[in-house]
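Work out the full structure, taking the sequences as your base and the hints as a guide.
Residue numbers (my numbering), protein chains in the order written: chain A, 166 to 232; chain B, 3 to 571.
Derived from the structure by calculation, the hints contain no laboratory data. Not one of these hints is a red herring.
Taking lysine-lysine pairs in the DSS-like style, the calculated list, with each CA pair at most 30 Å apart, reads:
(1) A:Lys167 / B:Lys35
(2) A:Lys167 / B:Lys390
(3) B:Lys390 / B:Lys122
(4) B:Lys122 / B:Lys525
(5) B:Lys148 / B:Lys481
(6) B:Lys35 / B:Lys390
Output of the computed footprint for chain A on chain B, the stretches with three or more beta carbons under 8 Å from beta carbons of chain A:
(7) 6-16
(8) 20-28
(9) 199-213
(10) 340-353
Here are a few chain B residues that face chain A, going by a calculated C-beta distance under 10 Å:
(11) Gln33
(12) Ser46
(13) Thr179
(14) Ile182
(15) Tyr183
(16) Val186
(17) Phe190
(18) Leu191
(19) Leu194
Positions of the beta carbon are idealized from the N, C-alpha and C atoms, including for glycine.
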Amino acid sequence: MKLDLRLPIGLMFTIFGVLLTGFGLVSDRAIYAQSLDINVNLWWGLVLMAFGLVMLGLARQGRQAPH
Amino acid sequence: MHQIQLGAIDYAILIVYFAFVLGIGWVLRRQVKSSEDFFQSGRSMPTWIAGLAFLSANLGAQEVIGMAASGAKYGIMTSHFYWVGAIPAMVFVGVFMMPFYYGSRARSVPEYLRLRFDEKTRGFNAITFALMTVLSSGISMYALAKLLELVLGWNFHTSVVLSAVIVLVYIFLGGLTSAIYNEVLQFFLIVLGFLPLVLLGLKDVGGWSGLTAKLETVSTGAGYSAGAMTHSWQHLGSASANPMGVEWFGMVMGLGFVLSFGYWCTDFLVIQRAMAAESMTAARRTPLFAAIPKMVFPALVILPGMIAIALHHSSGGLIPIGSDGLPNYNLAIPVLLAHYLPSGLLGLGLTALMASFMSGMAGNVTAFNTVWTYDIYQSYIRPGQSDKHYLRMGHTATVVGIFLSVLAAYATTRFNNIMDMLQLVFAFVNAPLFATFLLGMFWRRSTGHGAFFGLLIGTLAAAAHHGLTLPLGGMAGIKGGFLGTVVHTYPSEMAQNFWTAIVAWTCCFTATILISLLTRRTKSDEELTGLVHSLTPRIVETGLAWHQRPAALGVVVLGLTLVLNIIFW
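So, in structure tokens, the structure goes:
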């Protein structure tokens with residue numbers, strides 16, 4: 166059984182996304198002064214999560230229709 | 003610069019990343035049953051995976067740090083290392099050369115040289131290549147550990163040992179497959195880790211137009227015309243008109259032809275990724291697929307350097323000044339990371355930096371263990387053993403290769419000059435290589451003696467050229483001029499390097515032709531089938547849509563690159 170590479174990539178970025186989004190929600194607003202007052206953790210966390218989920222979705226699709 | 007403080011969230015991201023790279027090796031360990039699995043991934047990789055690994059193996063930390071540094075120093079002209087110095091060669095290797103690498107069933111680039119020419123040509127290439135990989139992975143380990151020490155205050159030894167052990171474990175367990183899978187993971191991490199930095203930086207300086215305006219001041223301040231840092235070709239007419247100190251012919255021939263084709267078309271580090279592809283078509287598409295992200299990489303690695311230098315001049319001393327009184331350009335990326343990214347994304351950015359370092363190192367190590375085991379050990383030390391024996395040797399070579407890299411990293415801390423000198427010697431060896439492969443693949447009359455002595459002459463010519471010339475303001479020694487007399491002074495070190503390459507290539511090309519004509523062919527037409535263009539049946543591609551065909555993809559890639567060159571003309 167071969168490992169579908171999309172699985173670990175999807176998982177890792179989903180975890181990163183959850184971590185960053187979560188941190189973005191609870192962190193002090195003051196730390197975003199340096200990032201031009203944008204809550205980059207929240208927004209980029211969402212981007213990473215979306216990317217991770219798309220990869221997971223592709224992996225799932227690949228498993229359902231083997232070749 | 004004051005050191006960056008990392009928070010718990012940053013460490014969490016770093017640890018998750020480590021867990022995944024190690025986990026991939028752990029899961030893949032059961033797939034490694036033969037030496038072919040370990041060294042060649044069982045030739046089973048689809049195009050997209052092989053392609054991204056092809057790109058990522060080249061994308062070491064030195065590439066990221068170095069290209070950002072050049073971006074800060076020279077501006078958008080640095081993109082020549084991509085649009086002139088990489089893409090055309092990547093297209094050439096995919097369309098024209100891969101049929102012989104992949105089709106010959108050679109297991110490595112040196113092995114191709116044995117099949118095509120003879121034992122001595124292979125031996126020369128295998129030994130210099132093996133030494134070079136260990137050395138460069140050591141040097142990049144050194145560079146990363148120094149950087150982490152400076153930026154984060156991490157202990158130098160801890161960084162070296164930690165990164166070495168992680169790379170060791172995942173290659174040891176899963177071989178080339180594990181290295182390739184991790185390179186793809188690292189590719190996405192590098193892109194998604196650095197992108198927020200670029201976006202924030204661009205927004206801050208007021209977009210491309212804001213950046214252009216700021217860089218005009220920088221460039222006039224340095225005595226060049228206003229657009230010298232934001233146009234890639236306009237100021238290449240003469241070497242004194244641009245900060246690189248290079249003129250267009252040296253650029254196109256030296257970088258675009260000799261150095262670029264010499265690297266992308268013959269370096270086993272990248273070719274190994276394409277040779278692991280699942281089919282001939284996939285192997286040929288590998289570098290073409292890789293060329294598409296490669297094309298836009300300047301936005302990710304050069305742009306941050308340009309933004310950093312613009313901010314450095316407009317808001318006063320962002321980049322720390324080095325001992326030579328100039329900004330320490332190598333710190334461009336770390337400085338921007340610290341400047342824009344708060345805890346959280348900062349961890350992601352640093353993890354991306356670590357990832358780029360590991361992918362570069364793993365590329366070197368997997369290329370080393372393969373060349374060592376197949377081309378040196380199996381050929382000269384213990385031939386005729388069982389496959390299990392060579393698989394075991396592969397594991398041993400991985401450990402030894404990493405150990406030697408660590409040694410090289412420490413040697414660099416002690417004997418910086420020796421390392422510089424060794425790198426210079428390898429540069430001499432590499433410069434003429436493409437002439438040998440070009441003649442080998444496209445001229446059946448070229449002989450083993452021709453190839454070997456041609457290479458030797460090319461290497462000596464490179465050394466002689468370097469020894470007789472100097473860059474402007476350079477002292478005789480490692481910078482050149484070590485043969486006593488200086489016959490020419492180049493406007494910059496880069497111009498000197500490009501011309502060294504041109505001289506080496508031309509000498510090797512001519513010498514190989516002459517010696518081949520004077521010596522007898524030792525390989526018959528039958529033996530050369532599949533190795534030389536005119537003796538290999540044309541590949542027929544039926545049932546492939548146009549966008550799946552390597553040649554069509556190549557044309558598209560070149561067209562897009564041309565457009566980029568025109569936009570930033």
